[in-house]
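K.L.:
Listed below are the residues making up each chain.
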Amino acid sequence: MTPPGPKYARRDFLRLMAAAGAAALLRPLTGAAQPHDVMTRPIPSSGEALPVIGLGSWITFNVGDDPAARQNCAAVMEAFFAAGGAVIDSSPMYGSSMDVIGYGLAKLGRRETVFAADKVWTPFMTDGGAQIDESRRRWGIRRFDLMQVHNLVDWEDHLPLLFEKKADGEVRYVGITTSEGRRHSEFEEVMRRHPLDFIQVSYNIRNRTVEERILPLARDRGMAVIANRPFQQGSLIDWAERHPLPDWAAEIDCVNWAQFLLKFIISHPAVTCAIPATSRVDHVRENMGAATGDLPDAIMRRRMIAYVEQL
Amino acid sequence: MTVWSTYGLSDLLLFSPQTYYRLFELANRDAWPLQAFMLPMGLALLFVLVRRPAWQGRFAAAVLAASWLWVAWGYHWRRYAAINWAAPWFAAGFALEALFLIWAGIFRNRLLREPISPALCRTSVVLYGFALLLYPFVNPLLGHGWAQVELFGIAPDPTVMATLGILLTSNRKRPWILMIIPVFWCAVSGATLWAMAAPNALIPPFAAILTVLFLTVSGKR
Numbered sequence: 001m002t003p004p005g006p007k008y009a010r011r012d013f014l015r016l017m018a019a020a021g022a023a024a025l026l027r028p029l030t031g032a033a034q035p036h037d038v039m040t041r042p043i044p045s046s047g048e049a050l051p052v053i054g055l056g057s058w059i060t061f062n063v064g065d066d067p068a069a070r071q072n073c074a075a076v077m078e079a080f081f082a083a084g085g086a087v088i089d090s091s092p093m094y095g096s097s098m099d100v101i102g103y104g105l106a107k108l109g110r111r112e113t114v115f116a117a118d119k120v121w122t123p124f125m126t127d128g129g130a131q132i133d134e135s136r137r138r139w140g141i142r143r144f145d146l147m148q149v150h151n152l153v154d155w156e157d158h159l160p161l162l163f164e165k166k167a168d169g170e171v172r173y174v175g176i177t178t179s180e181g182r183r184h185s186e187f188e189e190v191m192r193r194h195p196l197d198f199i200q201v202s203y204n205i206r207n208r209t210v211e212e213r214i215l216p217l218a219r220d221r222g223m224a225v226i227a228n229r230p231f232q233q234g235s236l237i238d239w240a241e242r243h244p245l246p247d248w249a250a251e252i253d254c255v256n257w258a259q260f261l262l263k264f265i266i267s268h269p270a271v272t273c274a275i276p277a278t279s280r281v282d283h284v285r286e287n288m289g290a291a292t293g294d295l296p297d298a299i300m301r302r303r304m305i306a307y308v309e310q311l
Numbered sequence: 001m002t003v004w005s006t007y008g009l010s011d012l013l014l015f016s017p018q019t020y021y022r023l024f025e026l027a028n029r030d031a032w033p034l035q036a037f038m039l040p041m042g043l044a045l046l047f048v049l050v051r052r053p054a055w056q057g058r059f060a061a062a063v064l065a066a067s068w069l070w071v072a073w074g075y076h077w078r079r080y081a082a083i084n085w086a087a088p089w090f091a092a093g094f095a096l097e098a099l100f101l102i103w104a105g106i107f108r109n110r111l112l113r114e115p116i117s118p119a120l121c122r123t124s125v126v127l128y129g130f131a132l133l134l135y136p137f138v139n140p141l142l143g144h145g146w147a148q149v150e151l152f153g154i155a156p157d158p159t160v161m162a163t164l165g166i167l168l169t170s171n172r173k174r175p176w177i178l179m180i181i182p183v184f185w186c187a188v189s190g191a192t193l194w195a196m197a198a199p200n201a202l203i204p205p206f207a208a209i210l211t212v213l214f215l216t217v218s219g220k221r
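Listed in order, the protein sequences are those of chains A and B. Numbering-wise, our numbering puts 311 at position 311 of the first sequence, and it's gapless, one number per residue. Numbering-wise, our numbering puts 139 at position 139 of the second sequence, and it's gapless, one number per residue.
I should point out that these hints are in silico values taken from the structure, not numbers from a laboratory. Errors might be hidden in some of the hints.
Have a look at the derived ranges for each label pair, beta carbon to beta carbon [claimed, not checked]:
| hint | chain 1 | residue 1 | chain 2 | residue 2 | range |
| --- | --- | --- | --- | --- | --- |
| 1 | B | 50 | A | 157 | 52 to 62 Å |
| 2 | B | 187 | A | 309 | 14 to 24 Å |
| 3 | B | 196 | A | 112 | 31 to 41 Å |
| 4 | B | 33 | A | 168 | 51 to 61 Å |
| 5 | B | 44 | A | 156 | 31 to 41 Å |
| 6 | A | 282 | B | 108 | 54 to 64 Å |
| 7 | A | 239 | B | 191 | 56 to 66 Å |
| 8 | A | 106 | B | 114 | 40 to 50 Å |
| 9 | B | 108 | A | 111 | 36 to 46 Å |
| 10 | B | 36 | A | 238 | 21 to 31 Å |
| 11 | A | 168 | B | 196 | 52 to 62 Å |
| 12 | B | 107 | A | 238 | 48 to 58 Å |
Listed next, the stretches of chain A that the computed footprint assigns to chain B, with coverage defined by at least 3 CB atoms under 8 Å from CB atoms of chain B [claimed, not checked]:
| hint | region |
| --- | --- |
| 13 | 54 to 62 |
| 14 | 65 to 77 |
| 15 | 93 to 101 |
| 16 | 262 to 275 |
The C-beta atom is built at its ideal place from N, Cα and C for all residues, glycine as well.
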C-alpha cells in the first residue's frame, strides 16, 4: 500500500539536487545539453544509470521508406546521442519506426551503445517470441535492453516469456506499459504480482493521475518509471507556447517550455526517464537540455502546476 | 476486442500529416507517367457518361477496375503499408472491389448508365467530375504543394468518389455489394483526415452519405 503523507520526501529532492549540482556548474548557456553533464537516474533493480531524457518514436519515426525522412530521423538520433541521450523506445504498433531506428543506429554506429527499449504487441497474433525476434532484426541489434508488454495486451502470456528471456540473457529488463490512463487498475495489479524492472505510463503536468497510486507503487516495488507522452502528442507544448514562459523558470535552468514541462516530469522522485518524441533536431536539443541544470523541488513543482493551471 | 475498445481515434493515427501527404508525392513519383494516361481516360469516361454509347458500362468498369487495382498496389501496398499496418488489408479490399467491378461491369454489363431521374444524373456527373477535376486541387489549396496532389487512378479518395459517382446511375439492381468497400473507405479516410485535423476531412464521408441517400430515396431497388 502507498503510505500516507507527501507523495515524495524532501530527501529525494536533496538527492536529485545533489546529482544535478555538478552538472549545473557546467551547464552551457544555450540550453542544449552536452554529453558530459546529462543527469542520470539509477534503474532500481540494477543500479545502472540511465539519462533522464530518452527518445520516443510514436508517430515521429514512422516515415516508411522515404529516404529524406529517414535521413532526418537519423539526424535527430545523432543530435540525441551527441547530447548524451541513450534510451530509445519503440513498438511494433508504431509502423515503420523500428526500421527507421535500425537505419539510424546502423548509420551512426550506435547499435552497441543505445539503450534499446521495445514492446511486444500482439493484437493480431499470439507468438510474442517471433515478434520480438522480428523486432530485433528490424532494430539490427543483438538484444533488447528493455522489453515491455505494450498496453497490457496479452500480458498473461507475454510476461512469463519475457522473464524467461531475461533469465536467458536475451533481454536485460522486463516491463509493462500503458498510456493515457488505460487499464490502470489491472496495471497496478500486475505491478503488485510481478517483479517488473520497468513500468511505462503517461505523465505530464496536465495529466498527473499516476501520481496518486502508480508512481508511489513503483517506488515501493523498486521499479523504474518511463514517462511517455510528456507533451501530450504535441498538443501540450503547442498550447503552452501560446503563453509566456515565467521569468522564474530560469531558477530551474529552463530556457523554453519543453524544458519546463520535461523538468516537471523528471523531478518526480519515482520517474527514471521521460521519452519525448520529435522529428526535429532543434527540438531534440531543447529536450536534452532538460537533463541538465537544476530540477524543481516540491515547492517549485507546486508553483509550476499553479502557473500552468491558471493559464 | 477489448484491446481496441481502449483506443481512441488519435491513438490509431500512426503517422504525422507530413508523412501522410508525402505518401502522395512518392506515389505520384512511382506512378509517373501513368498520370498522363489516367487523366485522359477519366475525361473520356466523363464524356462517355454524358453521351451513353452502348459500350459505356464496360468502358466504365474497365477504367474503374484498372484504377482500383493500381491504387491497391501502387498506393496501399507499395507506399501506405510502410506506415500503416492496416494498409495491406486496404490493398486487399481495393483489389476485391476491382474484381467486383470487372464481374458486374464487364461480364454482366451492369454499370450502364440509366437516366433514372435528372437529379440523380446531375449528381452522378457532378460527383464524378468533382473527384476527377476538382479534388486534385484540394491538397495544393491546403498548402501541400503540387507534388502531393491526389489524382483519380493514383490516390484512393478521388478514385473512390469517382466510383460512387458512376454507381449512382448504374443499371445494376441493388448496387450495394459494389458500394460496401467504397463507403467503408470513405469512413476510414474521413477518420484519418479528421484525426489529422485536415479541413477536407468531411469530403469523402459526405460523398458516401450523398450516394447512399440518393440511391435510397431514388426508389432504385
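K.L.:
Go through the numbered hints given earlier and state which of them the structure violates, listing their numbers in rising order.
P.N.:
As far as the earlier hints go, 2, 5, 7, 8, 9, 10, 11 and 16 are violated by this structure, in ascending order.
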